[in-house]
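Q: Residue-level listing of the chains:
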Amino acid sequence: MKFVWRILGLSMGGIFIYAGVVKVLDPVQFGLDIDNYKILPWFVSVRLAFYLPWLEILCGLSLILGFLYRGGLSILMALVLVFIGATIAAKARGLDITCGCFGHASQHWSFAQHMAIDLGIFFALVALLWIELVRGAHHDQKD
Amino acid sequence: MKFRAVGEAFVIIALACLPAIGEGFYFRDKVSWQSPIPESELVTVDQARAWGSGAIWVDARPDDEFAADHVPGAFSLNEDRWNELLQQFLPNWSPDKKVVVYCSAQSCNAARDVAKRLRDEAQLKDVFVLKGGWEEWLKKHR
Numbered sequence: 000m001k002f003v004w005r006i007l008g009l010s011m012g013g014i015f016i017y018a019g020v021v022k023v024l025d026p027v028q029f030g031l032d033i034d035n036y037k038i039l040p041w042f043v044s045v046r047l048a049f050y051l052p053w054l055e056i057l058c059g060l061s062l063i064l065g066f067l068y069r070g071g072l073s074i075l076m077a078l079v080l081v082f083i084g085a086t087i088a089a090k091a092r093g094l095d096i097t098c099g100c101f102g103h104a105s106q107h108w109s110f111a112q113h114m115a116i117d118l119g120i121f122f123a124l125v126a127l128l129w130i131e132l133v134r135g136a137h138h139d140q141k142d
Numbered sequence: 000m001k002f003r004a005v006g007e008a009f010v011i012i013a014l015a016c017l018p019a020i021g022e023g024f025y026f027r028d029k030v031s032w033q034s035p036i037p038e039s040e041l042v043t044v045d046q047a048r049a050w051g052s053g054a055i056w057v058d059a060r061p062d063d064e065f066a067a068d069h070v071p072g073a074f075s076l077n078e079d080r081w082n083e084l085l086q087q088f089l090p091n092w093s094p095d096k097k098v099v100v101y102c103s104a105q106s107c108n109a110a111r112d113v114a115k116r117l118r119d120e121a122q123l124k125d126v127f128v129l130k131g132g133w134e135e136w137l138k139k140h141r
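Protein chains in written order, with numbering that gives the first Met the number 0: chain B, 0 to 142; chain W, 0 to 141.
Note that these hints are calculated values from the structure, not bench results. One thing to keep in mind: the hints can contain errors.
[What the hints assert, rightly or not] Only pairs whose alpha carbons sit at most 27 Å apart, straight line, appear in this in silico DSSO-like list of lysine-lysine:
#1 W:Lys139 <-> W:Lys96
#2 W:Lys139 <-> W:Lys97
#3 W:Lys115 <-> B:Lys90
#4 B:Lys37 <-> W:Lys130
#5 B:Lys37 <-> W:Lys96
#6 W:Lys96 <-> W:Lys124
#7 W:Lys29 <-> B:Lys37
#8 W:Lys97 <-> W:Lys138
#9 W:Lys115 <-> W:Lys138
#10 W:Lys96 <-> W:Lys29
#11 B:Lys37 <-> W:Lys115
#12 W:Lys115 <-> W:Lys97
#13 W:Lys29 <-> W:Lys115
#14 W:Lys130 <-> W:Lys96
#15 W:Lys96 <-> W:Lys115
[As the list claims (entries may be wrong)] A few chain W residues facing chain B, derived, Cβ under 8 Å:
#16 Glu7
#17 Ala13
#18 Leu14
#19 Ala19
#20 Phe26
#21 Arg27
#22 Gln33
#23 Pro37
#24 Leu41
#25 Ala104
#26 Asn108
[To be verified] Restraint-style ranges between C-beta atoms, simulated for each label pair:
#27 W:Arg27 <-> B:Leu39: 17 to 23 Å
#28 B:Leu39 <-> W:Arg3: 37 to 43 Å
#29 B:Leu132 <-> W:Gly21: 20 to 26 Å
#30 W:Asp68 <-> B:Phe122: 25 to 31 Å
#31 W:Glu78 <-> B:Val125: 17 to 23 Å
#32 W:Ala104 <-> B:Lys1: 53 to 59 Å
#33 B:Val43 <-> W:Ser52: 39 to 45 Å
Idealized CB from N, CA, C, for every residue including glycine.
All chains should be built: construct the whole structure from the sequences, respecting the hints.
A: Okay, structure coming up:
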């Protein structure tokens, strides 16, 4: 079973590293994608466009390397939650948005596809954090 | 132990600042920091009108809005039917003409996105976005 959790952690790490690298290569486009949500002013969107991809990459690395693991998981869960909220808010306001989460690959996803993938990733992260906390509790008991 | 996740999260949040600042420095001259559309890519209604027949107008709004009303002589080119409309638009373009793209208002993104695709995908030069969009054009003409 431990093997399965490890594979899931590696997969999640890989997904976020990929998502981050795609955005690092074109920060202007990612800034425009954030701007499409019409939640933040441009000067904030463009700065986030330079910061968030690196945050995703470091969090992805933390999942793969097992270093700062809980911190990485917590940040990714928060990011995915914020993203789900922003997507729902955009949909409610009738905005036709391109999330840009995975570069060109995600440009033509429907709202339902976005939600399904985001929720799948979120619950996978929750499961990883839960198993990590259970393991931590076992270690504490042994100590 | 209780606050381990929070502490680790702060370390990652701080670490991510370093490459982000480096990348921002590298892109400092390639990004418009104050507006999503650089000033050099914007044109006012008066400027565009002064170009006369040297300007070719592109309406990036949805089909129904274009059908309701549009700048006289404008071509419809929206992302919903990009390939089809681009094929209709390109024969009317020539290298000596300036392309003026507009959407509903200053806050819409369609004109910016269509202008970007015209530059990147169709390799057109002299593509501008109309400041204030269709709303601004109406103010000046009605």
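Q: Would you check the hint for Lys29 (chain W) and Lys115 (chain W), treating anything up to 27 Å between C-alpha atoms as holding?
A: holds (15 Å)
Q: Does the alpha-carbon distance linking Lys139 (chain W) and Lys96 (chain W) stay inside the 27 Å limit?
A: Since the Cα atoms of Lys139 (chain W) and Lys96 (chain W) sit roughly 23 Å apart, the hinted pair holds (cutoff 27 Å).
Q: Run the distance test for Lys139 (chain W) versus Lys97 (chain W): straight-line Cα separation, threshold 27 Å.
A: Given pair Lys139 (chain W), Lys97 (chain W) holds - Cα atoms ~20 Å apart, limit 27 Å.
Q: Can we keep the Glu7 (chain W) interface hint, with Cβ of chain B closer than 8 Å?
A: holds (2 Å)
Q: May I ask you to test the hint 17 to 23 Å on the CB atoms belonging to Glu78 (chain W) and Val125 (chain B)?
A: violated (36 Å)
Q: 25 to 31 Å was suggested as the range; check whether the CB atoms of Asp68 (chain W) and Phe122 (chain B) agree with it.
A: violated (48 Å)
Q: Quick check on Arg27 (chain W) please, does its C-beta sit within 8 Å of some C-beta on chain B?
A: This hint is violated: Arg27 (chain W) lies away from chain B, its Cβ roughly 10 Å from the closest one there, beyond 8 Å.
Q: Could you see if the CB distance from Arg27 (chain W) to Leu39 (chain B) stays within 17 to 23 Å?
A: Hint holds: Cβ distance 20 Å, inside 17 to 23 Å.
Q: Check whether the Cα positions of Lys97 (chain W) and Lys138 (chain W) lie no farther apart than 27 Å.
A: holds (22 Å)
Q: Would you settle whether the hint for Phe26 (chain W) is holds or violated, based on the nearest Cβ-Cβ distance to chain B being less than 8 Å?
A: holds (6 Å)
Q: Given the hint of 39 to 45 Å, is the C-beta distance from Val43 (chain B) to Ser52 (chain W) inside that range or not?
A: holds (41 Å)
Q: Sort out whether Lys90 (chain B) lies within 27 Å of Lys115 (chain W), counting only the CA atoms.
A: holds (24 Å)
The structure fails to meet hints 5, 17, 21, 23, 24, 25, 28, 29, 30, 31 from the earlier list, while all remaining hints are met.
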